[in-house]
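There are 2 protein chains.
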Amino acid sequence: MDPEVEKQLAPLRARVKEQGDMVRQMKSDGAPEMDVKRQVQELKNRKKELEDLTLKLSPVDTFDRAKMNDLIKRRFFYDNSFAIYGGITGQYDFGPMGCDLVDNMLSEWHKHFVIQERMLKVNCSILTPENVLKASGHVDKFADYMVKDVKTGECFRLDHLIKQHFEKRMAEKDTPQAEKELMDRKITLLDGMTMEEMDKLVKEYKMNSPSTGNDLTDAVEFNLMFPISIGPTGNLKGFLRPETAQGIFVNFKRLLEYNQKRLPFACAQVGNSYRNEISPRSGLLRVREFTMAEVEHFCDPDDKSHPKFNQVADTEMILYSGCAQMDGESPKKMTIGEAVRGGLVANETLGYYMVRIQQYLFKIGIDPKKMRFRQHLSNEMAHYACDCWDAECLTSYGWIECVGCADRSAYDLSQHTKGAGVKLCVERALKEPKIVDGMVPVQDNGVIGKTFRKDAKTVQEALAALSIEEAETMEKTLSETGESELNGFKITRAMVPSFKREKKKVHVEEIIPSVIEPSFGIGRVFYCLLEHSFRVREDDDKRTYFSLPPVVAPLKVSVLPLSNKPEFIPFVTQLADQLTDLNLTVKVEDSTGSIGRRYARTDEIAIPFGVTVDFDTVNNSPHTVTVRERDSTEQVRMPIEEVPLAIRKLADGKLLWTEVTAKWPKFIAQETA
Amino acid sequence: MDPEVEKQLAPLRARVKEQGDMVRQMKSDGAPEMDVKRQVQELKNRKKELEDLTLKLSPVDTFDRAKMNDLIKRRFFYDNSFAIYGGITGQYDFGPMGCDLVDNMLSEWHKHFVIQERMLKVNCSILTPENVLKASGHVDKFADYMVKDVKTGECFRLDHLIKQHFEKRMAEKDTPQAEKELMDRKITLLDGMTMEEMDKLVKEYKMNSPSTGNDLTDAVEFNLMFPISIGPTGNLKGFLRPETAQGIFVNFKRLLEYNQKRLPFACAQVGNSYRNEISPRSGLLRVREFTMAEVEHFCDPDDKSHPKFNQVADTEMILYSGCAQMDGESPKKMTIGEAVRGGLVANETLGYYMVRIQQYLFKIGIDPKKMRFRQHLSNEMAHYACDCWDAECLTSYGWIECVGCADRSAYDLSQHTKGAGVKLCVERALKEPKIVDGMVPVQDNGVIGKTFRKDAKTVQEALAALSIEEAETMEKTLSETGESELNGFKITRAMVPSFKREKKKVHVEEIIPSVIEPSFGIGRVFYCLLEHSFRVREDDDKRTYFSLPPVVAPLKVSVLPLSNKPEFIPFVTQLADQLTDLNLTVKVEDSTGSIGRRYARTDEIAIPFGVTVDFDTVNNSPHTVTVRERDSTEQVRMPIEEVPLAIRKLADGKLLWTEVTAKWPKFIAQETA
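Each protein sequence line maps, in turn, to chains A and B.
First residue of the first sequence: 248, per the numbering used here; consecutive thereafter.
First residue of the second sequence: 248, per the numbering used here; consecutive thereafter.
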C-alpha cells in the first residue's frame with residue numbers, strides 16, 4: 248500500500264481496533280447481549296468508514312457505468328421486462344447476448360461442480376407449500392420493514408426512505424452543519440436499528456411520502472415471499488420458493504438412498520427463486536426473480552476433512568477474516584492450507600469449496616484483483632452456521648456479495664425433521680459395538696395382525712425400533728390411558744401387554760449430517776463479470792467492448808465478407824456452416840460499413856475471434872483468410888480449411904492465441920485499410 | 248395392415264367418412280355455424296371410436312406401466328414433490344437421473360435448434376403483468392369449467408366428474424343396458440359440450456361429490472393461470488406465465504433491432520410455465536409446473552419459403568392429415584416435399600420445422616414407430632392459425648401431443664400492437680416505389696421546441712411519420728377541440744397550424760410478420776421417451792432397464808471393480824478421473840453384490856457403457872479392462888489407456904459399438920461368472 252494512503256487510513260484503523268477490542272472484552276466478560284449488540288453496531292459503522300475511505304483513496308478506476316449500460320441496452324444483453332407495456336421494476340429480460348452468456352456460465356458451472364466433483368443434481372418444484380417454508384423459518388423471519396403512503400398506498404422500504412430523506416436534507420444549503428453531521432451519523436446507524444427505532448426517526452423528523460408529500464403509516468413487517476394459492480379451492484397456501492436449497496433438504500432421504508446410504512455426498516440445484524422486494528434497485532443486484540446455483544454438501548459432523556484438499560492446499564486467496572475486520576486491518580493473501588491449518592477457515596471441506604468457487608470465478612473472467620473472501624462476523628452469521636465466507640466482487644456499487652460459502656451444521660435437516668415428523672439422519676457405524684439399556688415392547692402379534700392387517704408389519708417394525716425414551720413414554724401413556732399413538736397408528740394395551748428391560752448391543756448410531764453450502768447468485772456474478780470485462784479502446788473512437796473469455800463468450804466467432812460481391816458468398820456460407828457443424832456459435836457480420844466498424848460491432852458483443860474473407864481469399868489459391876483476436880486486435884493469415892478446428896480449439900482453451908501468432912504469419916492490412 | 252383387422256375397422260371407417268362428407272357438404276353449403284359445430288362434434292366422436300378400436304386391435308404391447316413406475320421411483324428419476332410433508336398433486340421433483348436426462352435433452356435441443364439454425368435466444372420474466380396476458384387473450388379465455396362441493400369446497404373439473412360418474416354407473420350390475428349405452432354415448436359427446444350442457448347433465452343425473460356425497464355448486468369458469476401480486480402494494484396484478492411465447496413477442500422490437508431489422512429470424516426460449524390445473528392427473532402429462540422449449544420464427548407473410556427446405560425435402564414422415572381424419576383413413580407415410588408441393592402442409596417453413604422436430608425426437612430416442620404428425624381439423628385450430636400439426640407419441644395413455652408446430656400468422660404481434668399501443672411490424676422494401684396521397688402537418692418548430700425541449704425532436708419525428716389516416720384524425724380533433732394527443736404528448740393547434748395535402752413517393756411498406764411456432768412440452772417428451780426406452784430382459788430375472796441413447800443418457804459410463812481388494816483402487820480411481828477429465832459423467836459402482844447384479848443396477852439407470860477392472864487388469868501387463876454395452880450386454884477387452892477416448896467418442900456418437908466389437912476382442916467370462 249502507498250504509505251501516504253496508509254497514513255490517512257491509520258486513524259480509522261485504530262478506531263476500528265479500539266472498538267473491536269472492546270467488543271471482544273465485553274464478550275469474554277459475559278456482558279448482556281443487548282449491550283454487546285449495540286457495540287457491535289458501532290464496530291460495523293467504523294468498519295464502513297474505513298472501507299469507504301479505502302475505496303476513495305484507491306487508484307482511480309476509469310469505469311463509466313453509463314457507457315457500459317448504454318452498450319448493454321443497445322446490443323440487448325438485458326433490459327427491463329415488458330418495456331412496451333411501460334416496464335416493471337426489479338424484473339429483467341435477458342436478450343440473445345445475456346441469455347447465451349448466462350447459459351455458458353451455467354454450463355461451465357455444471358462441468359466445474361457437478362461433473363468434476365461427481366455431484367448429484369435435482370430440479371425441484373418452485374411452488375412450495377406453506378408448511379415447508381414454515382419449518383425452514385422463512386414464513387416467520389424472511390421479512391423487511393416498510394411504510395405506506397396513507398392515501399396512495401405506495402410502499403417504501405423503511406431504511407431506504409430514511410436514508411433518502413436524510414440525504415436530501417443534507418444536500419440542502421440551509422441545513423445547519425451540526426444537523427447534517429447528526430443525520431450522517433444516523434444513516435450509518437440505520438443498519439443495526441430495530442423497526443421501532445426507525446419508525447421513531449420517521450416521526451421525529453416528520454418524514455412524508457417522497458412522491459406525494461402525504462403522511463405515512465406506521466412501519467410494518469413485510470414478508471418477502473410471493474404468496475400463491477395452489478389448486479382451485481384456495482385452501483392450499485404456498486409461496487414461490489425464496490431459495491433453491493429447501494428442495495434439496497426435503498429430498499434428503501431419497502438422495503441418501505440414491506447414494507446407497509453413504510456420506511459424504513453433494514447435491515446441486517440450479518433454478519429460479521423469488522423475492523418480492525419492496526423497492527428493487529441497483530439493476531441486476533436486487534431483483535424479484537433471479538437464478539441461483541446451490542450445492543448442499545452433506546458430511547459427517549465429526550469429520551469434515553476432504554480427500555482432495557491436499558490438491559488445492561497451496562492455492563493463494565485474499566481472505567478478510569473476522570479478526571482482521573475487528574482490528575481495522577486489510578484483507579490478507581495466504582494459502583487455503585495455511586488458513587485451515589491455522590483454524591481461520593473452519594474445516595477442509597469449507598476451504599476446498601472456497602478454492603473451487605475462486606477457480607470458477609477466475610475461469611469465467613472475474614478479475615482476481617477485484618475479488619476477495621470476507622468472513623462473516625459472529626453476529627452477522629445466521630445462528631446455525633459455524634463459519635461463513637462470502638466471495639465478494641468489487642464493482643462501481645462497492646464490494647458485492649456474489650457467492651456465499653457456509654457451514655450450516657445440522658440446522659436444516661433438524662428443522663425439517665421437526666416440521667415433517669420424518670427423521671432426516673444417517674446411520675454411522677460405531678468403531679466398536681456399544682451395550683446400551685433397552686426397553687423392548689412385548690408384542691401380541693395376533694391382536695396387531697387382526698387390527699392392522701396389511702399394515703401390521705409396519706407397526707411391528709416401528710414398535711421394535713422404539714428408542715428407550717420413546718418406549719418409556721409409551722409405557723407411561725399405555726398405563727395411564729390404555730392407548731398410545733405411533734406414526735399415526737393407535738396402539739392399545741392389548742397389543743403391547745408389557746415391556747422388557749434389557750441390555751442391547753448396537754453397532755450403529757444415528758447422526759444428523761452437517762451441510763456445507765456454496766450458494767451462487769448467478770445474476771450478481773453475471774453483472775460483476777460484465778463490469779470486470781468492460782473495456783474502452785485507447786484510440787480516437789473510444790470504442791467499447793467486453794473482454795469475455797472464449798469459454799463464456801455468447802458467440803465464439805464472426806465471419807466477415809470484405810465485399811458483398813456474389814463470389815464471396817460460397818466462401819462465407821461454407822465457412823460458417825463448417826464452424827456451426829462444430830457446435831460453435833457463429834455470427835455472419837455482413838452489415839454495411841467499413842471492416843473496422845464491423846469489427847467494432849463484433850467486439851461490442853464480445854465475439855473473441857473474427858474470420859475475414861477478403862479479395863485474397865477469393866482470387867488466390869490456396870485460399871486463405873485472416874483471423875483476428877478481439878482483445879489484442881492482432882490478425883494472422885491462415886488457410887481457410889484450417890480455420891474451423893483452430894477456432895474450436897481456441898474456444899475450448901486448448902489452443903492459445905500466442906500459439907496461433909507463432910504458427911501463422913501476422914497480418915495488418917485490413918484494419919487500417 | 249392385417250386384412251382381418253382392416254375388415255373389423257372398415258365399418259367404423261365408413262361411419263367417419265359418411266360424417267366427414269356431411270360436414271364438408273354443410274360447410275360448402277354455408278350452413279349455420281352452430282349446426283356445423285354439432286356435426287363436427289359427431290365426427291370427432293366417430294374418429295375416436297375408430298382410433299380406440301385401431302389401438303385395441305394393434306399387436307399387443309407388453310409394456311407394464313407399474314413396473315416402469317417402480318423403477319422410476321426406486322432410482323429417483325422423478326417423484327412427487329414434498330413427499331415428506333404429505334406430497335402435492337401435479338408437482339414433481341426430478342432426481343439425479345431425471346434432472347440429468349432433462350438437462351441432456353435440453354442441451355441437445357439447444358445444439359439442434361439454436362446453434363444449428365443460428366437462432367436468437369432469450370430468457371424472460373415469468374412474473375407477468377396482467378395487461379400483457381389480457382392482450383394475448385389468456386385473461387379472458389384460458390379457463391376450464393368446474394363445480395365445487397358445497398360443504399368442503401373441494402373442486403372437480405366438470406368433464407372429469409361427469410365421465411367418472413357415468414363410468415361408475417356403467418360398471419354397476421343393476422344399471423339397465425339401454426342406460427349404459429346412453430351414458431357411453433354421452434361420455435363421447437362430452438368433449439364438445441358447452442358448460443351449460445354439462446351442468447344440465449350434473450343436475451339431470453343428480454351427481455354429487457364423489458368424495459363426500461355432498462351437493463355440488465353450479466358450474467363456473469376457472470382461469471388456469473396462477474394470480475400473483477407484484478410488489479408490496481397489492482396494486483400491480485400479474486400471473487405466472489402460462490407459456491414462454493409471450494416473452495418473445497413483447498421483445499419483438501428489440502430482437503428485430505438486434506437482427507439489424509431483417510426478416511426472417513427465429514428466437515427460442517426455454518423455461519418454466521405454470522397452469523393451475525383443477526385436477527392434475529396422468530403423472531407428468533398434466534402438471535402445474537412444467538418446462539417448455541419454444542421457437543418463434545418471424546417471416547414475411549408473403550414468402551414462407553425456407554432456404555434449407557431442399558436439404559430435407561426427401562424426409563419421410565407419417566402424416567395424419569385433416570382430410571384423412573375426416574375420411575376415416577389411416578395416417579400416411581410420405582415425404583415432406585410431397586406434402587408441401589401438394590398443399591397438405593401449408594408452407595416450406597412449417598414443413599422444415601416439422602422435419603427438424605422429427606429429427607430431434609428420433610435423435611434423443613423416441614421410437615419412430617410410435618410417432619406421427621396429426622393435423623388439426625379446421626375447427627380444432629385456434630382461430631388465428633393457418634395450419635397446425637402436432638407431433639404425437641403413442642404411449643400407454645394413447646396418442647399424446649408432445650410438440651405443436653403452428654403457423655400463427657400475424658395474430659400475436661397484432662394483439663400486442665393493440666394492447667401496448669406500440670407498432671410491432673417490419674419495413675419491407677417495395678419492388679418499385681409507390682406514389683401515395685399524403686397529408687403532412689406543417690409544424691411550428693419554435694412552439695414545439697419551447698414546449699417539449701429535449702423531447703421536441705421525438706415529437707417532430709412522430710408528426711412527420713403520421714399516416715394519412717392519422718393526420719386526418721388529428722386535423723379533425725385539432726379543429727374541433729384545439730388539442731390532440733400523440734404518443735402521450737399533448738399537441739396544440741399552435742404547434743400544427745395547418746396540414747398540407749401532397750403526393751408522397753414511398754419505398755417501403757409496413758408489414759406484420761407471420762409467426763411459425765414449434766412448441767415443445769419437455770415433460771411430455773421426457774415421459775414418452777421413458778416409455779419408449781423401457782425394456783425388460785428376456786431372461787429369468789426379468790430385469791428392467793432404460794435403453795436411452797448415449798447422447799441423452801444421464802451417466803455415460805460406470806467403472807466397476809470386480810473386487811474390493813486395495814490393489815484395485817488405483818486402477819479404478821485413475822480411470823474414473825481420466826473419464827471425468829473428458830467431462831464424462833461417471834458412476835463408480837462399487838456396491839456389494841455379484842458383477843451381474845451390479846451391471847443390472849447400472850442398466851436400471853441407463854448407463855450405456857460399463858468398464859470393469861478385474862483380476863486380469865491388476866495382475867497382468869499390459870493392463871486391460873472389459874467394456875460392456877448396455878443393450879446388447881456384449882463385452883470386449885481393451886487396453887486401459889485406450890478406454891477414456893473410446894468412451895468419449897461412443898458417448899458423442901462418433902464411434903459405434905459395432906466398430907468397437909470389430910476392433911477389440913470379445914469377452915464373455917464375467918457376466919456368467
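Any given hint might turn out to be false.
Treat identical chains as interchangeable: a pair holds within one or across any two.
Said to hold, decoys possible - Here are the simulated DSS-like cross-link-like pairs (lysine-lysine), alpha carbons at most 27 Å apart as the crow flies:
id, residue 1, residue 2
1, Lys-834, Lys-551
2, Lys-610, Lys-358
3, Lys-789, Lys-701
4, Lys-500, Lys-551
5, Lys-294, Lys-320
6, Lys-701, Lys-320
7, Lys-314, Lys-420
Honestly, the hints are just simulated from the structure, not real lab data.
Here's how the hints hold up against the structure:
1. Lys-834 - Lys-551: Only across copies: Lys-834 and Lys-551 sit 23 Å apart there, 48 Å inside one copy, limit 27 Å.
2. Lys-610 - Lys-358: For Lys-610 and Lys-358, the Cα distance is within 27 Å both inside one copy (12 Å) and across copies (23 Å).
3. Lys-789 - Lys-701: Intra 78 Å, inter 26 Å, cutoff 27 Å: inter-copy only.
4. Lys-500 - Lys-551: Answer is within: at 21 Å inside a copy they meet the 27 Å cutoff, but 54 Å across does not.
5. Lys-294 - Lys-320: This pair counts as neither: shortest intra-copy Cα distance 36 Å, inter-copy 53 Å.
6. Lys-701 - Lys-320: between (64 Å within a copy, 21 Å between copies)
7. Lys-314 - Lys-420: neither (32 Å within a copy, 80 Å between copies)
Violated hints, in rising order: 5 and 7; the structure is consistent with all others.
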